[in-house]
Structures are given as structure tokens and as C-alpha cells.
Amino acid sequence: MPEPLSRRGLLQGSAAAAVAIPVLGEAQAAAPGRPGRQKEQARMNAVGLTVNGREVHLQLDPRTTLLDALREHLHLTGTKKGCDHGQCGACTVIVEGRRINSCLTLAVMHEGDHVTTIEGLGTPEKLHPMQRAFITHDGYQCGYCTPGQICSAVAVLEEIEAGIPSHATEDLDRVAFSDSEVRERMSGNICRCAAYPNIVAAIREVAGEDKA
Amino acid sequence: MRPFTYSRAASVEEAAKTAATQGARFIAGGTNLLDLMKLQIETPTHLIDVNHLGLDRIEPTAEGGLKIGAMVRNTDLAADKTVRRDYAVLSRALLAGASGQLRNKATTGGNLLQRTRCPYFYDTRMPCNKRQPGSGCGAIKGMSRSLAILGTSDACIAQHPSDMAVALRLLDAQVDAVGADGGRRSIPIADFHLLPGETPHIENALKPGELITSVTLPKPLGGTHVYRKVRDRASYAFALVSVAAVFGKDGRSRFAFGGIGAKPWRTDAADAAAPSGAAAVAEAALSGARPTAQNAFKQQLTARTLASLYRQKGA
Ligand SMILES: Cc1cc2nc3c(=O)[nH]c(=O)nc-3n(C[C@H](O)[C@H](O)[C@H](O)COP(=O)(O)OP(=O)(O)OC[C@H]3O[C@@H](n4cnc5c(N)ncnc54)[C@H](O)[C@@H]3O)c2cc1C
Ligand code: SF4
Ligand code: FES
Ligand code: FES
Chain E
1 MPEPLSRRGL
11 LQGSAAAAVA
21 IPVLGEAQAA
31 APGRPGRQKE
41 QARMNAVGLT
51 VNGREVHLQL
61 DPRTTLLDAL
71 REHLHLTGTK
81 KGCDHGQCGA
91 CTVIVEGRRI
101 NSCLTLAVMH
111 EGDHVTTIEG
121 LGTPEKLHPM
131 QRAFITHDGY
141 QCGYCTPGQI
151 CSAVAVLEEI
161 EAGIPSHATE
171 DLDRVAFSDS
181 EVRERMSGNI
191 CRCAAYPNIV
201 AAIREVAGED
211 KA
Chain A
1 MRPFTYSRAA
11 SVEEAAKTAA
21 TQGARFIAGG
31 TNLLDLMKLQ
41 IETPTHLIDV
51 NHLGLDRIEP
61 TAEGGLKIGA
71 MVRNTDLAAD
81 KTVRRDYAVL
91 SRALLAGASG
101 QLRNKATTGG
111 NLLQRTRCPY
121 FYDTRMPCNK
131 RQPGSGCGAI
141 KGMSRSLAIL
151 GTSDACIAQH
161 PSDMAVALRL
171 LDAQVDAVGA
181 DGGRRSIPIA
191 DFHLLPGETP
201 HIENALKPGE
211 LITSVTLPKP
221 LGGTHVYRKV
231 RDRASYAFAL
241 VSVAAVFGKD
251 GRSRFAFGGI
261 GAKPWRTDAA
271 DAAAPSGAAA
281 VAEAALSGAR
291 PTAQNAFKQQ
301 LTARTLASLY
311 RQKGA
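Chains as they are written, first to last, in my numbering: chain E, 1 to 212; chain A, 1 to 315.
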């Protein structure tokens, strides 16, 4: 892999330049015709999060979504921005043990929270079982939706384990794994490449249901 | 998003007091408000985070009902043991809405207050009386397929999008709120959502600053609970038509409808028609409907959905 030329490498390389961004912000604040910018720049909020086990402290414009905090401020670009409106699931991360759309929540609302992104689930050297299963079953093509799919899938198996019902559950008191449960529960993760059957196969394997 | 300041409320009373100031809004799950703020349809200048006020509990009431905190997440409400057993129609309606990720954030209060999905409301280049009072309604002569056929006006034909609210309407829930002056009151769900009339931008009975603290359900009805949602795809889509029903053993049943009304729709006449069968219920419920050419199909779809529920119940 030509790592130095990868997009991730480039983004991380530009991380050093990120210190300059607040300065840029102030320049914008002085720009004419943008009333309110000045005041808003003065009001940065301090936010402390634990991301993938690491404590981080950020100074953020309150408008910063959790997704933008992860990608633009912490340079964890595994989490993707698809629609930015809660419609695609590409931004799915696990916060305090639950999967959520990181594009529809503000970072400032998560003071003290534990966040797990795709980077925290596993690494290329030490893959999470769900990551390995997605590879085994070809659960992706372009891969853009994949980090969100995998975070969602990990949480879905925990939700089934915890007895949380879904629209596909016939008896609300008896929640069990099935392909239709997986399809319904994963419906918040859209895949433009339509890798759906292979995604279901990957999740089935991790659930230990493919041996039966 | 337009700039805003952010604070966490320390108490229910403080939250309501702060919210009464110009430009301030509560934020709960944020799944509707932030969506609309990104489009600059909502432009609050101050957000009050009400997630840390202890409003996240589900408790039995002295009357044998259930008090649901305004911050209880849709996932937790649907999965609650008592709700599953005694108010299954509410679990079913919640689970038919949005996605697993969204339900993990969406709250009981926020869900009740979610705004319409009318495409013109979302498109800031288009006229919309709800978004911009007096600008006209783009939908009445435009793309109205998804919109309401009941309770509409010449100013607005938007549908109420919530699934949860349909079940709460069926169950005769009460919305408990605290006002900017600290005063508390309960609003019957039937009076909570307002019809558009001449003022489609006023959508509910809350006063400025008023905070929903809980939603209270009366004691369980028994019977068979069902929620049937018909939509353009099998999951993760808003309702074209939905029907919530409780079929009683004595033939007495009740019905509430989503997707067709300017607010969660329920009529005494439809409930009274229950013993006469699905067609009679549909006729009663749809009385006074004002469909457009594009959404007239919702009448037949409502009748068919009811027929299907009657068959399911009979089986
Ligand atoms: C892609 C997508 C698909 C969806 N599909 C469905 C669906 O199929 N069915 C369905 O029913 N819904 C659906 N939804 C909507 C979802 O249910 C709502 O966004 C959610 O319930 C709103 O709750 P929230 O807590 O996030 O509200 P917020 O966004 O935090 O708040 C919404 C509004 O309520 C106000 N508010 C919040 N809490 C209180 C309170 N306690 N007192 C007073 N005011 C308050 C806020 O100021 C704001 O104006 C969908 C949403 C998305 C993004
Ligand atoms: S139907 Fe209502 S929400 Fe839609 S464009 Fe007309 S006024 Fe706006
Ligand atoms: S980017 Fe968050 S759901 Fe699409
Ligand atoms: S793999 Fe391309 S979008 Fe899912």
C-alpha cells in the first residue's frame, strides 16, 4: 500500500496546518456582511470526550457536530459523512454503548461521553470480528458506507442480545436473531453499492448463526 | 447553521425560564432540530440542552397508568417491559419509525414536536406558510402525494409525520408541561397538536418557553394492540398511511391514523363504527377528507389497511 500517498496520509499531514484554522476563523469574523460571526467566534465551548479509549479536549464552536469533531478536529476520518441529515447512516458511531448518527448531534452535548469509532473497534493488524467478517463476505464495494455499517452491525448484535425488539420482531417479548431482524435493524445504513446480501452474511457469521 | 450559544439547563424551572427569552430553544435528541438548523429553517440563537434534568424515567402512576419522562429515548420506551405488555401499540408505533440509530437519540418530547416532512417546508426556495407565514403554500397545487387529506386548510395541507404520536392519541395520553413562570399543567393529546387553519406555523398548544416534562398514559385498555404502517419502502420511511388500533373483546375498538391528518387523527364516529366493520370505520374516519389529485389514493389505502387489520384480528 502506498501509504504516503493515501488520502488518510494527506489528511493527517495537513493536521499540522489545523492550528492555523482558528486564525482563519477570526479573519472571517471580521468579514463584512456576516453579522453575528464575531460574537460567535468569541464563544468557543470546551468539550472533553473519551474517543476510542483516549481522552481528548477540544475548543469547539457549538455548531460542530460530533461527526465534524471526529473528522475535522480529531482527524479520525474513518467515520464518513454521507448526507449530513440522518438519512444514510454513514456517520454511525457508538456513544455510551449505543449507535447513533454522529451528524445529528452536537459535540458539546457529549461532554464526558465515551465514543467508539471504526478506528476503535479494531486495527488492520487486529481486526474486530465484524471487520474480518465484512472482508470474508465481501460486505462492501466502494467501502464508503462500511465504517457506519460495521459500527451499526456491532451494536445491532448487542441490541438483539439485550432483548430490544424491532419492527421485525413478531412477539415483542421474544427477540431472536434472524435475517429479517438484521435487515430491519440495519435499514438505517444505506449502501449505494447495494452490498446488502453480503452484509447480512457477515453479520450472520459474527452472530454464530451461519453454522446452524 | 446560524451561530448560537449553548447551555445545559440545571433544573426544569430554569430551563423553562431561559427558554422564554427571544431566540432560545430546547434541544433534546437533536435529530429534528439540527436537521432543520442545517437548512436554516430553524434559526435559534440559543440552545438549552435538557438532556440532564432527570426526565428520563418511566414510572407507574397512582391511577394505574404510566408516566413517561420527556427525555426517555424512543428505543427505551419501545423496549420498556410495561409498555410492551400493556401499551403494545405504542411499542409498535415507535419501532415502525425512523432507524435504530435515530431511535437511540430521539426523545418522547422531541418526537411529539417533530415538524412536518412536506417537501416545500424543507425547500427554502419555495413558498411555505408554515416556514414563512404569508408566503403561500407550494404544495396545494404542487407535489402533494405524501401530504394530508384531513384537517387541512387553504393555507397548509402538511401531514403530521410522527408514528409515536398516533399511538399516544389512541391511548388518550396527556402531555405534562412546566411553564416559564414555573406553573405546571397537563394537556390532553387531542388538544396538543393544532390544525393549521390560517396559522400553520403554530403547531401545538405549548406557550413560549413551556417545557414538556412527561407524557402520562391512563391505565391500560387491554384488548389486541396493532399498528400498521404503509410506506414506500419496507423500513426507514415516513408513513403514507398508518393505523393504530386497539380491538376490545366486547367489539368496542378504537382507531387513530397517521399520514393522512394535519395532526394525529382520531374521531368518535370511527370508533363508534367499529362493530360494523372496516368499511364503516374507514367511511367514518375519512368523512370530510379534502384530498388533492395526487393524494386521493390515501382514502382507498386507509380503507384497505383497516380491512387488513380486521382480517388479522379475526385470524
Ligand atoms: C431520516 C429520518 C427518518 C425519520 N423517520 C421517522 C419515522 O418514520 N417516523 C417518525 O415518527 N419519526 C421519524 N423521524 C423523526 C424522528 O422521530 C424525530 O426527529 C425525533 O423523534 C425528534 O426527537 P428529538 O428528541 O431528537 O427532538 P429534537 O430535535 O431535539 O427537538 C425537536 C423539537 O422539539 C423541541 N423539544 C424537544 N424536547 C422538548 C421538550 N421536552 N419540551 C419542549 N420542547 C421540546 C425542540 O426545541 C425542537 O423544536 C425521522 C427522522 C429522520 C432524520
Ligand atoms: S403544505 Fe404546509 S408545510 Fe407544505 S408548503 Fe404548504 S404551507 Fe408549507
Ligand atoms: S451522514 Fe449522518 S446519516 Fe448520513
Ligand atoms: S460499499 Fe459502496 S456504499 Fe456501501
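Keep in mind that the hints were calculated from the coordinates and are not lab data.
There could be a bad hint or two in this list.
[Stated by the list, open to error] Sample of chain A residues with no beta-carbon within 12 Å of chain E, all distances over it, derived: (1) Q22; (2) D49; (3) A272; (4) K313.
[Said to hold, decoys possible] Here are a few chain E residues that face chain A, going by a calculated C-beta distance under 7 Å: (5) L104; (6) V108; (7) L121; (8) E125; (9) S187.
C-beta: ideal position from N, C-alpha, C; glycine also.
Structure-based check of all given hints:
1. Q22: Holds, since 14 Å exceeds 12 Å.
2. D49: 6 Å, violated
3. A272: Holds, since 29 Å exceeds 12 Å.
4. K313: With a cut-off of 12 Å, A/K313 remains clear of chain E, as the shortest Cβ separation is near 16 Å.
5. L104: At about 5 Å, which falls below the 7 Å cut-off, the nearest Cβ of chain A leaves the hint on E/L104 intact, so it holds.
6. V108: 5 Å, holds
7. L121: 16 Å, violated
8. E125: This hint is violated: E/E125 lies away from chain A, its Cβ roughly 29 Å from the closest one there, beyond 7 Å.
9. S187: Status holds, d = 4 Å.
Checked against the numbered hints listed earlier, the structure breaks hints 2, 7 and 8; every other hint is satisfied.
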